[in-house]
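Student: The residues making up each chain are set out below.
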Amino acid sequence: MSRADLMGLLLAFLARLITGAQGHWKGCPPKAEQRIYFANHQSHFDWVLIWAALPRELRARTRPIAARDYWTATPFRTWLTTAVFNAVYVARTRTDDQEDPLQPLAQALEGGDSLVIFPEGTRSNRGAPQAFKSGLYHLAEQFPGVQLIPAWIDNVQRVMPKGEVVPVPILCTVTFGTPIHLQHGEDKRVFLERARAAVLAARPGRA
Amino acid sequence: MNNLRTLSVDSQVALLFVVLFGLLVLLSLVVLVRSLRASEQLLDEASQDRQHRLLRDLRAMWLGSTVFWLAWVSGPVGATLAFGVFSFLALREFITLVKTLRGDHRSLLLAFFAALPMQYLLVGTRAFDLFTVFVPVYVFLAIPVASALAGDPERFLERNAKIQWGIMVCVYGLSHAPALLLLQLPGYADRGAFLLFFLVMATAAAQLAQELASRQLRRRPLARQIDRSFSWRVWLIGLVAAAAVGAALFWITPVNPWRAAVMAAVAGGCGTLGELVMRALKKDAGVRFWGNRSSVTGAVGLLDRVAPLCFAAPVFFHFVRWYLV
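If you read the sequences in order, they're chains A and B.
Going by our numbering, the first sequence opens with residue 1, and the numbers climb by one from there.
Going by our numbering, the second sequence opens with residue 208, and the numbers climb by one from there.
In case anyone wonders, no lab produced these hints; they're calculated from the structure.
Mixed in with the good hints there might be a few duds.
[Stated by the list, open to error] Simulated DEER-style distance windows between Cβ atoms:
#: 1; chain 1: B; residue 1: 309; chain 2: A; residue 2: 75; range: 33 to 39 Å
#: 2; chain 1: B; residue 1: 349; chain 2: A; residue 2: 100; range: 52 to 58 Å
#: 3; chain 1: B; residue 1: 226; chain 2: A; residue 2: 178; range: 50 to 56 Å
#: 4; chain 1: B; residue 1: 264; chain 2: A; residue 2: 186; range: 48 to 54 Å
#: 5; chain 1: B; residue 1: 435; chain 2: A; residue 2: 70; range: 51 to 57 Å
#: 6; chain 1: A; residue 1: 73; chain 2: B; residue 2: 231; range: 52 to 58 Å
#: 7; chain 1: B; residue 1: 508; chain 2: A; residue 2: 181; range: 34 to 40 Å
#: 8; chain 1: B; residue 1: 309; chain 2: A; residue 2: 56; range: 29 to 35 Å
#: 9; chain 1: B; residue 1: 361; chain 2: A; residue 2: 197; range: 27 to 33 Å
#: 10; chain 1: B; residue 1: 429; chain 2: A; residue 2: 56; range: 46 to 52 Å
For clarity, every value in this text was computed on a predicted model and none was experimentally measured.
Where a beta carbon is used, it is the ideal one built from N, C-alpha and C, also for glycine.
Based on the sequences and whatever the hints tell you, model everything.
Tutor: Pasting the structure below:
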């Protein structure tokens, strides 16, 4: 077992210790199929939480998206994102040479990997997620065979509110909802709104 | 019985665990045989549900007994660590249930990463005088200070009460279990495991008797909104059952049967009342189920299981230490 594997196990253990990181598979079973998980984004913890909630067999082939400028700035960050999480790097600022920003994601999907994306693009502190960016639509269009799975991450904003560095132990859940598909000829805006509704629908019911 | 008394303390305790695990193995075998027989017929939903719950309870009993045993064999350090982890998990569940606000962050950090380890450190080092006052005196002063420094006056008293209650139940209450294990009474050295066993048996007997009695007796519930099955008569039946178990187990305690019965009744009564309080608390938090039948928060249901012990242990500890010995 390599150092990266150990680090992965340690992080998953910590995530479980602090948040429980329970995965609730409400709309689909955890299966080794190629998938795009898309979820609400409230904290820096979200990726680790989804990753820890996945069964261990699925973790190796499920990859996060990382901003290249930040996550390759130091050797440790590079090691963490490359060796441990096998992240897909994207450029945050569009370079002038007309390169498609979704190109690295498409490459990963062509390679048969699953992805976790946060289509809001940024963290939101409100209850409901903001409007989704169009990346999800383009990926769904290019890869009709890949399942799109909405996920709701609950409670995580209480673990580490903005501006704090130490997390408080509070139980969180990740609820995986029913897969959605891009309808034939569906409008971009309609689809993104539907995807957002699917994420909201995965939210655990409350009285 | 006289043969038993001549054994060394260690072998007496070892015998206790042999008996405990023997009973568990027996119980598991019975459940296994019954499930094999039942699987031949088609089960309706209700009995399947019952079977499921039985298995979960059995698993919890195994887990509890194993932790108890590990805590014993590994001495003060292991006992403190094992119960410390339980405390941590219970407090985590408690804080998840009571909605805290952003301004509570620092107070919660204090509760989880300062108050909890410190309390268990005090148990582990057997500093019992400080141990009994550390939470009510020092922590209960420090938490509101941390909250006030966070600068959010919104529902200040309510938020602090929630955190302090969580600490009281999950940390202070539960830490008395290892304290019993480590308590050195004159003429009763190194037999703390018996005391803890006695406490667990008494609370379990009270709970079980109360549960069974409430199924048979349909009384008017005392607090319908909180628990439909709780009435004074049912509670008294639990108390009597605990006293009976306590009297039957008097030989593992340093006292005579009468006093053992009183001790057990106190523990059992506190435990079942504690359970009632926890139900009220869960209802307040908007959780309508009990025993983790459907998990909304992802809470593992540990709190439900340790709640009676959390309430009974401090009272029992105090009772043992000051009044009866």
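Student: Taking the hints in turn, state whether each one holds.
Tutor: Each hint, compared with the structure:
1. For the hinted restraint 33 to 39 Å between residue 309 of chain B and residue 75 of chain A, the CB-CB distance of approximately 34 Å keeps it satisfied.
2. Range check, residue 349 of chain B to residue 100 of chain A: about 55 Å between beta-carbon atoms, so the 52 to 58 Å window is met.
3. Separation of residue 226 of chain B from residue 178 of chain A is about 51 Å and conforms to the stated range, judged on CB atoms against 50 to 56 Å.
4. Take residue 264 of chain B and residue 186 of chain A: their Cβ atoms lie about 50 Å apart, and the range 48 to 54 Å holds.
5. With their beta carbons about 55 Å apart, residue 435 of chain B and residue 70 of chain A fall inside the hinted range of 51 to 57 Å.
6. For residue 73 of chain A paired with residue 231 of chain B, a C-beta distance near 55 Å keeps the hint of 52 to 58 Å intact.
7. In this structure, residue 508 of chain B and residue 181 of chain A meet the distance hint of 34 to 40 Å, their C-beta atoms being roughly 37 Å apart.
8. In this structure, residue 309 of chain B and residue 56 of chain A meet the distance hint of 29 to 35 Å, their C-beta atoms being roughly 34 Å apart.
9. For the pair residue 361 of chain B and residue 197 of chain A, the beta carbons lie near 32 Å from each other, so the given range of 27 to 33 Å is met.
10. About 49 Å separates the C-beta atoms of residue 429 of chain B and residue 56 of chain A, a value consistent with the hinted range of 46 to 52 Å.
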